[in-house]
Amino acid sequence: MRHPVKHIANAATTQSLMLARACATAFLAALLMALVVCAGVSSDRAFAEEIELESEGNLINPQQLPDSSFIYDTSIADLSSADAYYDNQTVQVTGEAIGDAIHATFDQKFSWITLSNEDNTATIAVFMTRDAAARIDTFGRYQQRGTILQVRGTFHLACPEHEGTSDLHAEVVSVVDPGEYTEEAFNLTKFVPGIITVVVGLLVTVLFYLIRERQR
Amino acid sequence: MWQRFTLYDLRVIGHYLGVLVLFSTLGLLVPFILAVACEEWGPASRYLLTIGITLILGSGLRFLRIEPGRLNQQQAMVVTGLAWIVLGFVATIPLYLSGHYATFLDALFDGVSGVTTTGASVIMDLDHLSNADNMWRFVLHFIGGLGLIVVALSFGLFGKRGGASLYSSEGRSEHVLPNIIQTTQFIAKITVGIIVVATGILSVICLLLGMEPLRAILQALWLSISAFVTGGFAPMSQSVLYYHSSPLELVIMVLMLAGSINFVLHAEVWKGHIETFFRDLEIRTMVLWLAVMTCVFAASLTMSAEFSNLPAMLRRGLFTVISASSTTGFLNITPNQLTTALSSGAFLVVAMLMAVGGSAGSTSGGIKFNRIGLIAKSLVATIKEALSPASARVVVSYNHVGKRVLSPEAVKSATTVFVLYTATYLIGALVGIAHGYDATQSIFESVAMTSNGGLSSGLAAPGMPVTLEVFYIFQMWAGRLEFVTLLALLVEIVVSLDPRRWFNG
Numbered sequence: 001m002r003h004p005v006k007h008i009a010n011a012a013t014t015q016s017l018m019l020a021r022a023c024a025t026a027f028l029a030a031l032l033m034a035l036v037v038c039a040g041v042s043s044d045r046a047f048a049e050e051i052e053l054e055s056e057g058n059l060i061n062p063q064q065l066p067d068s069s070f071i072y073d074t075s076i077a078d079l080s081s082a083d084a085y086y087d088n089q090t091v092q093v094t095g096e097a098i099g100d101a102i103h104a105t106f107d108q109k110f111s112w113i114t115l116s117n118e119d120n121t122a123t124i125a126v127f128m129t130r131d132a133a134a135r136i137d138t139f140g141r142y143q144q145r146g147t148i149l150q151v152r153g154t155f156h157l158a159c160p161e162h163e164g165t166s167d168l169h170a171e172v173v174s175v176v177d178p179g180e181y182t183e184e185a186f187n188l189t190k191f192v193p194g195i196i197t198v199v200v201g202l203l204v205t206v207l208f209y210l211i212r213e214r215q216r
Numbered sequence: 001m002w003q004r005f006t007l008y009d010l011r012v013i014g015h016y017l018g019v020l021v022l023f024s025t026l027g028l029l030v031p032f033i034l035a036v037a038c039e040e041w042g043p044a045s046r047y048l049l050t051i052g053i054t055l056i057l058g059s060g061l062r063f064l065r066i067e068p069g070r071l072n073q074q075q076a077m078v079v080t081g082l083a084w085i086v087l088g089f090v091a092t093i094p095l096y097l098s099g100h101y102a103t104f105l106d107a108l109f110d111g112v113s114g115v116t117t118t119g120a121s122v123i124m125d126l127d128h129l130s131n132a133d134n135m136w137r138f139v140l141h142f143i144g145g146l147g148l149i150v151v152a153l154s155f156g157l158f159g160k161r162g163g164a165s166l167y168s169s170e171g172r173s174e175h176v177l178p179n180i181i182q183t184t185q186f187i188a189k190i191t192v193g194i195i196v197v198a199t200g201i202l203s204v205i206c207l208l209l210g211m212e213p214l215r216a217i218l219q220a221l222w223l224s225i226s227a228f229v230t231g232g233f234a235p236m237s238q239s240v241l242y243y244h245s246s247p248l249e250l251v252i253m254v255l256m257l258a259g260s261i262n263f264v265l266h267a268e269v270w271k272g273h274i275e276t277f278f279r280d281l282e283i284r285t286m287v288l289w290l291a292v293m294t295c296v297f298a299a300s301l302t303m304s305a306e307f308s309n310l311p312a313m314l315r316r317g318l319f320t321v322i323s324a325s326s327t328t329g330f331l332n333i334t335p336n337q338l339t340t341a342l343s344s345g346a347f348l349v350v351a352m353l354m355a356v357g358g359s360a361g362s363t364s365g366g367i368k369f370n371r372i373g374l375i376a377k378s379l380v381a382t383i384k385e386a387l388s389p390a391s392a393r394v395v396v397s398y399n400h401v402g403k404r405v406l407s408p409e410a411v412k413s414a415t416t417v418f419v420l421y422t423a424t425y426l427i428g429a430l431v432g433i434a435h436g437y438d439a440t441q442s443i444f445e446s447v448a449m450t451s452n453g454g455l456s457s458g459l460a461a462p463g464m465p466v467t468l469e470v471f472y473i474f475q476m477w478a479g480r481l482e483f484v485t486l487l488a489l490l491v492e493i494v495v496s497l498d499p500r501r502w503f504n505g
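Chains A and B are the protein sequences, given in the same order. Going by this note's numbering, the first residue of the first sequence is number 1, and it counts up by one from there. Going by this note's numbering, the first residue of the second sequence is number 1, and it counts up by one from there.
It is worth saying that the hints were derived from the structure and are not from the lab. From the three backbone atoms N, C-alpha and C, an ideal C-beta is built for every residue, glycine too. All the pointers check out, no bait thrown in.
Just a few of them, taken from the derived set where beta-carbon distance is under 8 Å, the chain A residues facing chain B:
1. S81
2. A82
3. D100
4. H103
5. W112
6. N120
7. S166
8. F186
9. K190
10. F191
11. V200
12. G201
13. F208
14. Q215
Rough simulated footprint, nothing fancy, chain B against chain A, three-plus residues with beta-carbon under 8 Å:
15. 132-143
16. 150-160
Required output: the full structure, derived from the provided sequences and hints.
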């Protein structure tokens, strides 16, 4: 015969255990649901906000050009002696704008800009929109160093649109460095050798005519 | 037989060279005034110095013989021959001082190239050159293209006596108008007239292209001078390609053709005798030659993928053909395209065009059409003689400023110069090859120098070997003198320096 009190006590323990188990399950479920809800809410937050971190100078600049330039970078010297290898390739060159912005003859919206490399040994003709060309503030001339441009576009060894010119059709144009002027001040001492030689020369000429007249 | 020079001869020659140097002082005033006007003080001081040097040198040379008297044939040849070199040296001074040349020899190369209207250039950084220095380059073309002597005669600088012998040793043996002075003044007037009109038209085109007024006028003037005297210097390093303008290229093509036509025919057209123009041997040779060569060039271009469409061929091909044939030397393609995109056949066709050149009595270089025409007519005569009986007398006539009969002397002289030109082309090519350059490029460059064409395939560049550069300068000089004068000069020098002659008297 089983002890009647133990039986009743066993029954009571089982019931409380079941109750505890149910509570725990409910609590865990609630916790899980709360976590899911929180995650869902946070994913709706916009990414466009600028994140300011605590350390100085660690700002993200949205205007920064993408850093894929190493793929396209070509020297103007290479393009000016290019063969079929560069034809119809996307290239990126950096050079000084020289001369003038030449209006394209039968095309109102485009201009021709000639870019020169750093030691002025090679040039390339770039076909770009007049708006892009308007960003050039100085052109390379005597005593002027023109605006340095970085141009990315397609190079043609003999462009079919332009009757066979070697050109670069610009897609992205950016100004790297504005132009510089080196004014030459008037310096009288530089003229002194010239003035001396001219005076001597004129004296010799006059002397010649005098002697010739004397001989006649 | 070979008469050597006496000291008296040398003094007379020195005097006349001094006159020419003094004349170049006038030329130097132009860039000086422009430098002052544009406030380019560095160039202004350099040109002032050069003016002083030429005044001293010119007047000093005249002291050698104060009353020179009349020039005989031999003296005239030497004056003409040395004039180009002396003027080349004078031209070099401001060019070298500008700092745009690596060495003095490079500056001399450009000076001689300018004066002989070759047009090949070894200048560095042309795009940043001052207006004054650029103006000087084109003044050189103007002086050289009109012929130093022609201009000097025109101003009566030699007095009424020194004229005739100098004119024919100059390389212009056609008498346009009966009087020598009138002839030279006529040539000067036509040149100035055409250049002024062309400058006006090109200035308008440049202004429409968006250039500033001063730049538009200056560049139009420079392009007109260079195109009409068939020089080849261009204001910008990309040559005529810089402008990307087909109207401009069209005007320049007309100018180049006009510059490669005999001045005698200019006079005839001016007087209203149009039919003389069309019946002339040189015009007919030119039309036939250009037609054939354009077809050959077009055919060779179809082989290259890049230029095979019609608009490209017309624009680039026709311009290059006219530029080469008139021995100007303008490019509306890049030098790289000249060697890369053109097939080697097309490349050599361009060389052949330069080799033959334009008309005699014009500013063009090369062997010239009258000689080619004479040699062709002589072939016709030879065939006629071979087919006709032994006793028959064959007479072949042709039209060249009036009806003329083919004479053995004319044919001999034409053939001799033809052989001399061809020999120089080949020797120059060998010199280029000896320096290790590619064969087609060497041939092309040698032809460009001797014919005063000036289209460069890249051999003539800063840093080229010194011996090659000296040889090219010699070739430019020889070509401008059309050899005979040069050879006479060389013979005279050798004979005069031969010690044995001093004792035999």
